[in-house]
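Undergrad: Please build the complete structure, drawing on both the sequences and the hints.
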Amino acid sequence: MFERGLGVRPGRAAGDLMPVQVKRLMLLFAVAIGGFLVARHFLLPESFGLYGHYRAKAVDLVASQGLEYAGHQACPECHGEVATLKNASKHTVVACETCHGPAASHVSDPTQSKPELPTERGRCGLCHYYEASRPAGFPQIDPAEHGGQEKCVSCHNPHSPEIAMEGK
Amino acid sequence: MKRREFLRNLVSAAPALGILAAGVKLGDYVEASETGRRTEAVHLYGMGIDVDACIGCGRCAVACKAENHVPDDPFFFRTWVERYVFSVDGGLRVDSPNGGMAAFPPSGVPDERRMRAYYVPKLCNQCRKPPCVQVCPVGATFQTRDGVTLVDPDYCIGCRYCIQACPYGARYLHPQKKVADKCTFCYHRIVKGLVPACVEVCPKSARIFGEPRQSNTPLWEFMKNHRLQVLKPNLRTEPKVYYSSLDSEVR
Numbered sequence: 001m002f003e004r005g006l007g008v009r010p011g012r013a014a015g016d017l018m019p020v021q022v023k024r025l026m027l028l029f030a031v032a033i034g035g036f037l038v039a040r041h042f043l044l045p046e047s048f049g050l051y052g053h054y055r056a057k058a059v060d061l062v063a064s065q066g067l068e069y070a071g072h073q074a075c076p077e078c079h080g081e082v083a084t085l086k087n088a089s090k091h092t093v094v095a096c097e098t099c100h101g102p103a104a105s106h107v108s109d110p111t112q113s114k115p116e117l118p119t120e121r122g123r124c125g126l127c128h129y130y131e132a133s134r135p136a137g138f139p140q141i142d143p144a145e146h147g148g149q150e151k152c153v154s155c156h157n158p159h160s161p162e163i164a165m166e167g168k
Numbered sequence: 169m170k171r172r173e174f175l176r177n178l179v180s181a182a183p184a185l186g187i188l189a190a191g192v193k194l195g196d197y198v199e200a201s202e203t204g205r206r207t208e209a210v211h212l213y214g215m216g217i218d219v220d221a222c223i224g225c226g227r228c229a230v231a232c233k234a235e236n237h238v239p240d241d242p243f244f245f246r247t248w249v250e251r252y253v254f255s256v257d258g259g260l261r262v263d264s265p266n267g268g269m270a271a272f273p274p275s276g277v278p279d280e281r282r283m284r285a286y287y288v289p290k291l292c293n294q295c296r297k298p299p300c301v302q303v304c305p306v307g308a309t310f311q312t313r314d315g316v317t318l319v320d321p322d323y324c325i326g327c328r329y330c331i332q333a334c335p336y337g338a339r340y341l342h343p344q345k346k347v348a349d350k351c352t353f354c355y356h357r358i359v360k361g362l363v364p365a366c367v368e369v370c371p372k373s374a375r376i377f378g379e380p381r382q383s384n385t386p387l388w389e390f391m392k393n394h395r396l397q398v399l400k401p402n403l404r405t406e407p408k409v410y411y412s413s414l415d416s417e418v419r
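Just so you know, the sequences run in chain order D and W.
Last residue of the first sequence: 168 (this note's numbering), numbering continuous.
Last residue of the second sequence: 419 (this note's numbering), numbering continuous.
The hints are simulated quantities; they were obtained by calculation from the structure and are not laboratory data.
We put the beta carbon where it would ideally sit given N, CA and C, even for glycine.
Do not rely on the hints blindly, as some may be mistaken.
[To be verified] Just so you have them, the derived chain W footprint on chain D, three or more residues with Cβ under 8 Å:
#1 60-66
#2 96-104
#3 123-133
#4 141-155
TA: Next comes the structure, spelled out in structure tokens:
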């Protein structure tokens with residue numbers, strides 16, 4: 001039986017080195033791989049794989065997002081005086097848009113939109129109401145005891161918050 | 169025989185087809201570069217966080233949502249602020265009401281029982297070895313050559329795998345777009361030479377943006393003068409967000 005298995009080669013014509021089953025299998029593989037390559041060519045998004053395993057154009061897509069915050073460099077162009085005042089005060093590191101909110105639309109067209117002008121106590125309190133977790137030395141007040149219910153801006157100029165106290 | 173010839177021709181034509189495909193891609197590259205960012209490969213962006221300076225005002229979280237149109241719901245954040253309050257009996261309370269966007273109400277730990285307390289701003293750590301990128305099945309999240317991990321919103325299938333993989337909880341699924349969303353270091357700003365919105369509005373300069381490899385910059389100054397730590401260094405994700413004065417309880 002063993003010898004018969006060696007001697008007889010079904011499916012192979014005389015002189016042909018490759019059995020017909022292998023040929024058919026190879027054809028099948030060729031079709032599958034070819035089909036994959038063709039499908040890949042059409043399915044793979046353009047610019048995929050240029051820099052890595054991602055669409056290179058996605059970087060431009062993300063980078064093309066519009067601005068909401070103009071940045072503190074934009075404001076002194078028109079508001080130089082108040083910027084100079086602020087920059088000489090304790091609020092020097094506070095950016096304009098920290099309090100006035102996003103102003104990119106105002107910068108691109110000053111007449112169309114105005115940034116907010118917050119004057120309520122709670123807005124100053126975001127930074128200056130006493131909260132025990134705040135770093136020691138940071139100026140904080142107890143809103144119940146400080147200034148009654150007056151608006152902060154009636155005594156403090158937010159662009160120069162220090163008040164020259166009598167006797168000091 | 170015809171079939172064999174066809175296959176033979178196909179094999180010999182393969183290199184030519186490859187060159188053709190590469191040509192198409194090169195064309196894309198030239199087009200993609202017309203926005204003027206040919207130098208992005210020389211940058212490597214990072215951020216410093218001065219924990220001692222943070223006053224927990226939450227302006228960063230507010231600015232982030234406004235700049236990047238992050239949904240208002242209190243559980244979608246690209247950046248947020250956490251408060252850590254230790255009490256004398258060894259207890260620790262961590263909270264972040266609405267990401268700190270309306271600052272923080274009293275912690276509930278009375279002053280005499282409080283040991284130490286501080287705020288920690290959190291955001292995507294922009295890891296050098298980001299686990300979120302590794303798991304993306306379609307290549308929709310990736311690290312740019314200037315070291316920022318981004319999401320391709322047109323290509324993301326919303327499978328949430330990256331959200332699971334991020335050890336810092338820095339990602340969320342955008343409820344309308346149904347794609348993963350995360351901090352981009354305000355990529356659209358930094359390519360224009362501006363700083364990220366959170367850095368722009370921070371009234372205490374507790375966030376310092378820059379390039380950790382560049383000297384004589386604010387970030388360099390910060391990294392020179394502080395002992396630094398990253399979050400979860402044991403995970404070997406190699407974050408590029410560097411915290412000063414980081415407590416061991418902050419993960």
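Undergrad: Can you list which hints this structure breaks, lowest number first?
TA: 4
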